[in-house]
Amino acid sequence: MTGARRKLLTTAGAWAVAAACGVLFSFPVLNTVLTSLKTVADISSTPPKWVFAPTVEHYANVFYAAGYKFSHFLANSLLISLACSALLVVVCLPAAYSIVRFGIGRARLLPAAVSLRLLPPVTFAIPFFILYSASGLLDTRTGLVLVNLLANIPLGLLIFVSFIQELPQELEESAFLDGATAAQALRHIVFPLAYPGIGAVAILTFIWTWNEFLFALMLTINKATTVTVGASLFVTAWGVLWGDVAAAISVAVVPTLLFSFFVQRYLVRGITLGAVR
Amino acid sequence: MRELKIRGFLALSVALTLLIVPAQVASQTPATIRMVYWPGPESDAMRKVVDWYNANRSAADGVKVEMVLFSREGFFDKEATVLAARSPEVDMVFTASYILGRHAPHMDSLEKVVAASGEGSLQVFLPSARDSLSFQGRPYAVPMDVSNHFLYYRSDYLNRLLTDSAWQRRYSEVAQRELGKALSPKKPEDWSPDDFVAAALFFTKTINPDSPTAFGTVLQAKNLIYNVMIWDNFLYGLGGSWFRSGFQPALNTPQAQKALDVYVTIMQKKATPAGSTSYEYGEANEAFRTGKVAFMVQWSAAFHELDDKTKSPMVAGNVKLAPVPGKKTHVHALGVGISAYSNTKPAVQKWVRFLATTQAMRMYADAGGIPPVRAALANPALAKQRPEFPLIAEHVEKYGYVETTIAETVPILEILAKHLSAAWALQVAPKIALDQANGEITQLLKEKGYLK
Amino acid sequence: MVQERRLGYAFLAPLTLLLLGLAVFPGLYAYYLSALDASLETFRSPRFIGLANYVRVLTDREFYGAIGFSVRYTLIVVTLELVLGLALAIALNRELRGKRVLISLLLLPLMVSPALLGIMFRLTLNEFIGTVSYYLRAAGFPGNLLAPPYVPYTLMTVDVVQWTPFTFLILYAGLRSIPDEPVEAAIVDGAGGWQILRFVVLPLLRPLLLTAAFLRGIDAFKTFDTIQILTAGGPGSLTTTASIYVYKTAFLTGHLGRANAAVVILLLLLSIPMSRAIRHILRSTP
Numbered sequence: 306m307t308g309a310r311r312k313l314l315t316t317a318g319a320w321a322v323a324a325a326c327g328v329l330f331s332f333p334v335l336n337t338v339l340t341s342l343k344t345v346a347d348i349s350s351t352p353p354k355w356v357f358a359p360t361v362e363h364y365a366n367v368f369y370a371a372g373y374k375f376s377h378f379l380a381n382s383l384l385i386s387l388a389c390s391a392l393l394v395v396v397c398l399p400a401a402y403s404i405v406r407f408g409i410g411r412a413r414l415l416p417a418a419v420s421l422r423l424l425p426p427v428t429f430a431i432p433f434f435i436l437y438s439a440s441g442l443l444d445t446r447t448g449l450v451l452v453n454l455l456a457n458i459p460l461g462l463l464i465f466v467s468f469i470q471e472l473p474q475e476l477e478e479s480a481f482l483d484g485a486t487a488a489q490a491l492r493h494i495v496f497p498l499a500y501p502g503i504g505a506v507a508i509l510t511f512i513w514t515w516n517e518f519l520f521a522l523m524l525t526i527n528k529a530t531t532v533t534v535g536a537s538l539f540v541t542a543w544g545v546l547w548g549d550v551a552a553a554i555s556v557a558v559v560p561t562l563l564f565s566f567f568v569q570r571y572l573v574r575g576i577t578l579g580a581v582r
Numbered sequence: 005m006r007e008l009k010i011r012g013f014l015a016l017s018v019a020l021t022l023l024i025v026p027a028q029v030a031s032q033t034p035a036t037i038r039m040v041y042w043p044g045p046e047s048d049a050m051r052k053v054v055d056w057y058n059a060n061r062s063a064a065d066g067v068k069v070e071m072v073l074f075s076r077e078g079f080f081d082k083e084a085t086v087l088a089a090r091s092p093e094v095d096m097v098f099t100a101s102y103i104l105g106r107h108a109p110h111m112d113s114l115e116k117v118v119a120a121s122g123e124g125s126l127q128v129f130l131p132s133a134r135d136s137l138s139f140q141g142r143p144y145a146v147p148m149d150v151s152n153h154f155l156y157y158r159s160d161y162l163n164r165l166l167t168d169s170a171w172q173r174r175y176s177e178v179a180q181r182e183l184g185k186a187l188s189p190k191k192p193e194d195w196s197p198d199d200f201v202a203a204a205l206f207f208t209k210t211i212n213p214d215s216p217t218a219f220g221t222v223l224q225a226k227n228l229i230y231n232v233m234i235w236d237n238f239l240y241g242l243g244g245s246w247f248r249s250g251f252q253p254a255l256n257t258p259q260a261q262k263a264l265d266v267y268v269t270i271m272q273k274k275a276t277p278a279g280s281t282s283y284e285y286g287e288a289n290e291a292f293r294t295g296k297v298a299f300m301v302q303w304s305a306a307f308h309e310l311d312d313k314t315k316s317p318m319v320a321g322n323v324k325l326a327p328v329p330g331k332k333t334h335v336h337a338l339g340v341g342i343s344a345y346s347n348t349k350p351a352v353q354k355w356v357r358f359l360a361t362t363q364a365m366r367m368y369a370d371a372g373g374i375p376p377v378r379a380a381l382a383n384p385a386l387a388k389q390r391p392e393f394p395l396i397a398e399h400v401e402k403y404g405y406v407e408t409t410i411a412e413t414v415p416i417l418e419i420l421a422k423h424l425s426a427a428w429a430l431q432v433a434p435k436i437a438l439d440q441a442n443g444e445i446t447q448l449l450k451e452k453g454y455l456k
Numbered sequence: 030m031v032q033e034r035r036l037g038y039a040f041l042a043p044l045t046l047l048l049l050g051l052a053v054f055p056g057l058y059a060y061y062l063s064a065l066d067a068s069l070e071t072f073r074s075p076r077f078i079g080l081a082n083y084v085r086v087l088t089d090r091e092f093y094g095a096i097g098f099s100v101r102y103t104l105i106v107v108t109l110e111l112v113l114g115l116a117l118a119i120a121l122n123r124e125l126r127g128k129r130v131l132i133s134l135l136l137l138p139l140m141v142s143p144a145l146l147g148i149m150f151r152l153t154l155n156e157f158i159g160t161v162s163y164y165l166r167a168a169g170f171p172g173n174l175l176a177p178p179y180v181p182y183t184l185m186t187v188d189v190v191q192w193t194p195f196t197f198l199i200l201y202a203g204l205r206s207i208p209d210e211p212v213e214a215a216i217v218d219g220a221g222g223w224q225i226l227r228f229v230v231l232p233l234l235r236p237l238l239l240t241a242a243f244l245r246g247i248d249a250f251k252t253f254d255t256i257q258i259l260t261a262g263g264p265g266s267l268t269t270t271a272s273i274y275v276y277k278t279a280f281l282t283g284h285l286g287r288a289n290a291a292v293v294i295l296l297l298l299l300s301i302p303m304s305r306a307i308r309h310i311l312r313s314t315p
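Chains as they are written, first to last, in our numbering: chain S, 306 to 582; chain Y, 5 to 456; chain C, 30 to 315.
Derived by calculation from the structure, the hints in this document are not laboratory data.
For clarity, every value in this text was computed on a predicted model and none was experimentally measured.
Ideal Cβ placement from N, Cα and C applies to all residues, glycine included.
Any given hint might turn out to be false.
As the list claims (entries may be wrong) - Residues from chain Y shown here face chain S by an in silico Cβ test under 10 Å; the list is partial:
hint: 1; residue: 35
hint: 2; residue: 248
hint: 3; residue: 252
Stated by the list, open to error - Stretch by stretch, here's where chain Y covers chain C in the computed footprint (C-beta under 8 Å, at least three residues):
hint: 4; region: 120-132
hint: 5; region: 170-181
hint: 6; region: 259-267
Unchecked claim - Here are a few chain Y residues that sit away from chain C, every Cβ distance over 12 Å (derived from the structure):
hint: 7; residue: 117
hint: 8; residue: 186
hint: 9; residue: 209
hint: 10; residue: 389
hint: 11; residue: 392
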């Protein structure tokens, strides 16, 4: 077997594995999209219908039901998630740099920050509610940005620390010799080199914030309600309105899908590291 | 280029931070009151009443009502958090008989708020519903919806059982063989829990190959407090109860054992779908709607959906209602009351007095609510669209019971859900489950000072 | 360099402020409540009862049951998710046609909230109208995946389907930033694919592998939404996770104090793997 042929085969194999997993993993979501287009009778028909006359009634319910402000929920989620994902990078990247290169905060601050992830959110809803009521953050988008920021700091810190410590130090050292400050080194050298890490963190934080349910439920009344909580309003005491929930999910997936599609370009290497060695 | 990207990135973050800040504006005018509701047919109905009030009465009363929906998942948890934090964000609390004991310490009693009698008083409502929203003898909420259980059955199959002699012979055979009891078919209206079990076996294909349905019935056996309420009917129908005299738990009695055996036998004989251990209201409806079962004990709200030709084409027209075997039905009411932490109490009180009128309740019933008001439920014009409404009024009055409205109702339901669901799933022997539940409830009530 | 260090402190300032401003009060509040007989009704007038809550939790058989279930669940799903995620990251770490679409497809399950996907799984796994159940039954498998004895495995499968994309994304980003030279050098030395993976790629990827394992491990241990919606921890306490235990103690049985005692105990328990993970993620010297 020639090298070229072998390479072609591995590529085909890799593609097949990824495609198979992609279809398998995305089945629940694709099935949800199908459900959103079925009538109530079609949803509970058995055997499952793959070919059916699609209906938009559920989408109409989602967007136009009386007193139900779905577009407002969408806008809230979008602003909160974008802000959270950008702010997380701004807060965590310099902190991780400082931890790795100067060793500041390694011993106490890092474990303290990471331990935020250990807390089960259920019981913390009450102290947060009290804190937010007292400070006017209750039912505001700012409040939700802050609490999601807190929940994702461990992820941001750990991923950035892992990335930065793999970067060659020589580049920064020569920059320092040339009189650059740490801030300049961070901006001109570390930031571009850490693109894949930033991309991953931005995508994961955006998705996490978009999907977060418990704090979004507990810390809003009606102004800052997010799309995830909004979609759950189609769950009633008398059963789930499957079609409506499915339609709300299907709409809510689009912004996350677009965001991760565009941010994916940062998952490629910044510059070739070998150039300086 | 890269420089530009970084600048852009920073600028974007700053811009977004600024963008989210103005979300905190919009102050409330003093006359706006905020009422919490949960999503579903109840809030759809209430929205119509609120809209009417805001359009026609707001100006005169100087009150504007804003209804906010809290998600059904975690609804009472969120409300508990709002109340525990003493938040004035919510003026009217949505409550239910089973959780009133937890809310009442954070609410104002309605005693002095409503009129003493007639319109604008709580006398508009059925007494059992009114009592189910009272705590330590004082009313705390206006009853808005009443919930009870019925035996839902397929009249096409059950009628045939009463006329077809081959089926009747088979029925007695099955009862003798599987249960060791001499039983013959009866009208569903006259069933005892024993008849319920025997009929469930008769309509199960693996036991009776001629059965038109795969399973006799469908049990809701998920670990949920609402499923305990359904099981309670068998407990009370067989002469049992949660408590003996005072608050002495009575879950280790022969009656409780017998009630649990109803479920366990049906599970063991596979007369309910295998997945029942994860079933609740919706799943049971699906089983009934797809023609898999012949009858079930279900909440009153299901009739409207199951007898609807577009939503349930396979069964609509053949769905009939009977009392739960044993002739007892759990009753609870949903209602709204005044938060003790409200800043706009005079306005809230006006709205409460409006709700306690036949006019408001008729409007609510017409919009799809199930208010415990005789004049609304027995309204002949409405009974044409909702034939179950007069039956609900009748059953609530004749067969209804309320377990208790003490603060520990939910904890007790939770203990029962945990242990009973293990027994229903055949993971734990019935006797052990009941003893453990009885023990835990005793301990709880001792800690809280109900028992010595 | 002194000046650089000073800037280093400035770099940590926003993080420190966030932690002080938002995390300290709720954190301390948990310890405070854990020493009181606080319930949802007596929230503001509780009695101090010392360590009684801790004793109650530590003598509760169900608490250990919940921890046991969470530990088993975590070990199984995290192992599967790491292996699958790594395999996918390696498969996609090359030029492929339609790669961005493929990656988006792979990330799709992450994009729906676990709380909402849990609701949709109630439909997909429904015995009578669920798509998955229908085809499983047609293929001769049981259709009641949410009943014992299948239910723990069903929940784990749902977790793996939903969270493998998470480990995949982190590891893929890691692979993309591995420099070419060590790999090329290994090829020149005549190393095969497995050898390169074992001796060159994996050591370079180690901090990120640990990061992914740690984050997923913690989150899997805390799993709440999906299981609460699908089984509510039942039947009995069969699928009760640590978070569901805490939730039920706080909001259903209403013992806020006891729930917070359980949280503190869990926190201490989890801080052991956490400090070990951090130590291993950090390379020895700065």
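Query raised in the report: For the region 259-267 of chain C, do at least 3 residues have a Cβ located nearer than 8 Å to some Cβ of chain Y?
Result: Since three or more residues must qualify, the claim that chain Y covers the region 259-267 of chain C holds, with 9 doing so at under 8 Å.
Query raised in the report: Do the numbers back the hint for residue 252/Y, that is, is its least Cβ distance to chain S under 10 Å?
Result: Status violated, d = 32 Å.
**Report entry** Non-interface label on residue 389/Y, tested against every C-beta of chain C at 12 Å
**Finding:** Answer for residue 389/Y: holds, closest chain C Cβ roughly 27 Å.
Query raised in the report: Are all C-beta atoms of chain C more than 12 Å from that of residue 392/Y?
Result: Answer for residue 392/Y: holds, closest chain C Cβ roughly 24 Å.
Requested in this report: Examine the region 170-181 of chain C: at least three residues should have C-beta closer than 8 Å to a C-beta of chain Y.
Outcome: Per the Cβ count (8), the hint holds.
Requested in this report: Go through the hint on residue 248/Y and say holds or violated, using the shortest Cβ distance to chain S against 10 Å.
Outcome: With a minimum Cβ separation of about 32 Å from chain S (threshold 10 Å), the hint on residue 248/Y is violated.
**Report entry** Least C-beta distance between residue 209/Y and chain C, which was stated to exceed 12 Å
**Finding:** Holds, since 14 Å exceeds 12 Å.
Query raised in the report: Is the Cβ of residue 117/Y farther than 12 Å from every Cβ of chain C?
Result: holds (22 Å)
**Report entry** Non-interface claim for residue 186/Y, where every Cβ of chain C lies beyond 12 Å
**Finding:** holds (33 Å)
Query raised in the report: Taking the least C-beta to C-beta distance, is residue 35/Y closer than 10 Å to chain S?
Result: violated (18 Å)
Requested in this report: With a C-beta cutoff of 8 Å, work out whether three or more residues of the region 120-132 of chain C approach chain Y closely enough for the coverage to hold.
Outcome: violated (count 0)
When held up to the earlier numbered hints, the structure conflicts with 1, 2, 3, 4 and fits the remainder.
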